[in-house]
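Enquirer: If you want the building blocks of each chain, they are given just below.
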Amino acid sequence: MRKIFPAEELARDSRFIRQTNEQRLSDPRGPRVAGGNASENLAKLTPGLPNGPDRARALMHGIFVGEIQALEGAGRTCWDFEVGDEVPLALKMDMARQCWDEARHCEISVALAEHMGTELGEYAENGLLYEAACNPDPVLRLTGVNRALEGLAIDVFNTMKEFGNMAGDPVLEFCEDWMLADEVTHVKMGSDWLRRLTENDKERLDKALEFQKIVDRLFSFNGFRGEDDDSPIQLTRRFRELAGFSEEEIDEIADMSRDARAEATT
Amino acid sequence: MTDTKRPREPFAPWDRRSLPGLFDVDETARRVGHYKWLETKLFEAMGGWVATVPELDIKLRLGTHCYHHAWHADLFDKRLPELREMNTDRLTVPPNEKMVEFMETMSEPEAAEMTIEKLVGVYRVLIPHKIAAYTYHRNGTSEITDMPTIRILDFMLQDEFNDWREGEMLIQSMIESPEELERAMLHQTKLEEIMLAAGGVAGAGSIGDPYIEVAEEN
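Chains as they are written, first to last, in my numbering: chain A, 320 to 585; chain B, 399 to 616.
Watch out, some of these pointers could steer you wrong.
[Stated by the list, open to error] Within a straight-line C-alpha distance of at most 30 Å, the following computed DSBU-like cross-link-like pairs (lysine-lysine) qualify:
1. K363(A) <-> K521(A)
2. K507(A) <-> K521(A)
3. K507(A) <-> K476(B)
4. K496(B) <-> K403(B)
5. K526(A) <-> K363(A)
6. K532(A) <-> K521(A)
7. K322(A) <-> K403(B)
8. K322(A) <-> K480(A)
9. K476(B) <-> K322(A)
10. K496(B) <-> K322(A)
11. K521(A) <-> K322(A)
12. K521(A) <-> K480(A)
[To be verified] To be clear about the criterion: a stretch of chain A counts as covered by chain B if any three or more of its residues have a C-beta under 8 Å from a C-beta of chain B, and this derived list gives those stretches:
13. 393-404
14. 414-422
15. 485-496
[Stated by the list, open to error] Chain A is faced by these chain B residues, among others (derived, beta-carbon under 8 Å):
16. P418
17. L420
18. F421
19. D422
20. A443
21. L454
22. G461
23. C464
24. E506
25. A613
Just so you know, the hints here were simulated from the structure itself, not pulled from any lab data.
Every residue gets a Cβ at the ideal spot worked out from N, C-alpha and C, and that includes glycine.
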């Protein structure tokens, strides 16, 4: 088995349809399905929106495929690096633990998607998350995946938990709360390993944080995730702090989101 | 009223544990080091395979079982210093070159069409051999002096049996034609031959030797 498995070869059955980010952004069905994520149509995800339930269904399917890729990425980190020369065994053990967590998240989110009336494969999948997990430097990989993407997952799960609460759906709220707890753990793993592995290597730390910003920026398109009242996905300060983010780092993500939104409207 | 001065035996009548065991401290440490090496290689391979397997249920099982073996490696790693090996890396080694070859051959299949080979290597060859070696160790070591090893082996054997059952059912569900059966059997034989040459997961004597030496007649 090769080291570094390319994103375009991720193994899927016939129900899954792969879409590039460009295809996704230019897909005319996007605004209808996602409920209008163009900056002028932004609105916090609530059941009260005319397209709220449909947007929640699309988001849940997105969570499901994201969990598959997170599982695959954590699994590859167990395989791609040599213990000792490249990573400590304890880091791989954390990634193995994450594999188990992500496998459960796949089970939870596919069951929730069904609960919400969605079929597997109803929405397309893009491989952005897994691509971040292909970085050949384990520090950059963990920073991009565990801090940027799992950080985004904290925001998404908290938003979906609130959606479940508002919709009077205790099953959705209960499950999202459990997944949120796991995500805080994963982000904290990323924060801890970033600190430990770059303790005496400022250059590598800077590179890793820059990579995290690139990934964060990719997922902040149109201000989709932010602190404004109408941001569809709300940035979650409290849980990010628990996971090792500093106040400045959270401010920076909020600013990035505002910039992305301003850029999209000009 | 309970008579607190009434003497009792240190071992209750039903407690038949005994002091003697087959392995001294050094031999136990040697075996535990080999087990840790093996569990590490196994969880790495299972993690790597997740992205290569298209069958959704199998992908999720590999992710789950990957952690079981990482946890086993961690438990063995924690046991080594208790067996006087403070540098745990020193004993985290394969028992012999054949075991290295086994793990390399087992981890080799990558193509999406090779799920049967991936599963057969783990669930029809490696895990049954691990169950055998861990059971031999668990039953042969001192039930009093080495109880910490027995306790962790018991936890692991519970995982191994459960995972083996799940893996075997996945294999049975994947084999739908004589050609697929042939593939499974060929791969199993190829790996069993290497395992035979390795002498088991801990090398020669992995499950002891049941034969009796008989003096030659003149």
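Enquirer: Under the criterion of a CB-CB separation shorter than 8 Å, is A443(B) in contact with chain A as hinted?
Expert: Where the cut-off is 8 Å and the nearest Cβ of chain A is about 7 Å from A443(B), the hint holds.
Enquirer: Hey, K322(A) versus K403(B), does the alpha-carbon distance stay inside 30 Å?
Expert: Violated, at about 68 Å.
Enquirer: Just to be careful: measuring from the Cβ of E506(B) to every Cβ in chain A, is the smallest value less than 8 Å?
Expert: holds, 6 Å
Enquirer: Straight-line Cα separation of K521(A) and K322(A) no greater than 30 Å?
Expert: holds, 27 Å
Enquirer: Interface hint check: F421(B), Cβ to nearest Cβ on chain A, cutoff 8 Å. Holds or violated?
Expert: This interface hint is violated because 25 Å lies over the 8 Å limit.
Enquirer: Should the hint that L420(B) touches chain A count as held when the rule is a Cβ pair under 8 Å?
Expert: violated, 29 Å
Enquirer: Taken at face value, is the distance from the CA of K476(B) to the CA of K507(A) at most 30 Å?
Expert: Distance ~23 Å between K507(A) and K476(B) Cα, so the pair holds.
Enquirer: Per the CB criterion, is G461(B) less than 8 Å away from chain A?
Expert: holds, 4 Å
Enquirer: Using the nearest Cβ pair, does D422(B) come within less than 8 Å of chain A?
Expert: violated, 27 Å
Enquirer: Under 8 Å between beta-carbons, do enough residues of the region 393-404 of chain A, three at least, approach chain B for the coverage claim to hold?
Expert: Per the Cβ count (9), the hint holds.
Enquirer: K496(B) and K322(A): Cα distance at most 30 Å?
Expert: Holds, at roughly 22 Å.
Enquirer: CA of K521(A) to CA of K480(A), is that 30 Å or under?
Expert: violated, 38 Å
Checked against the numbered hints given earlier, this structure breaks hints 1, 4, 5, 7, 8, 12, 15, 16, 17, 18, 19, 25; the rest are met.
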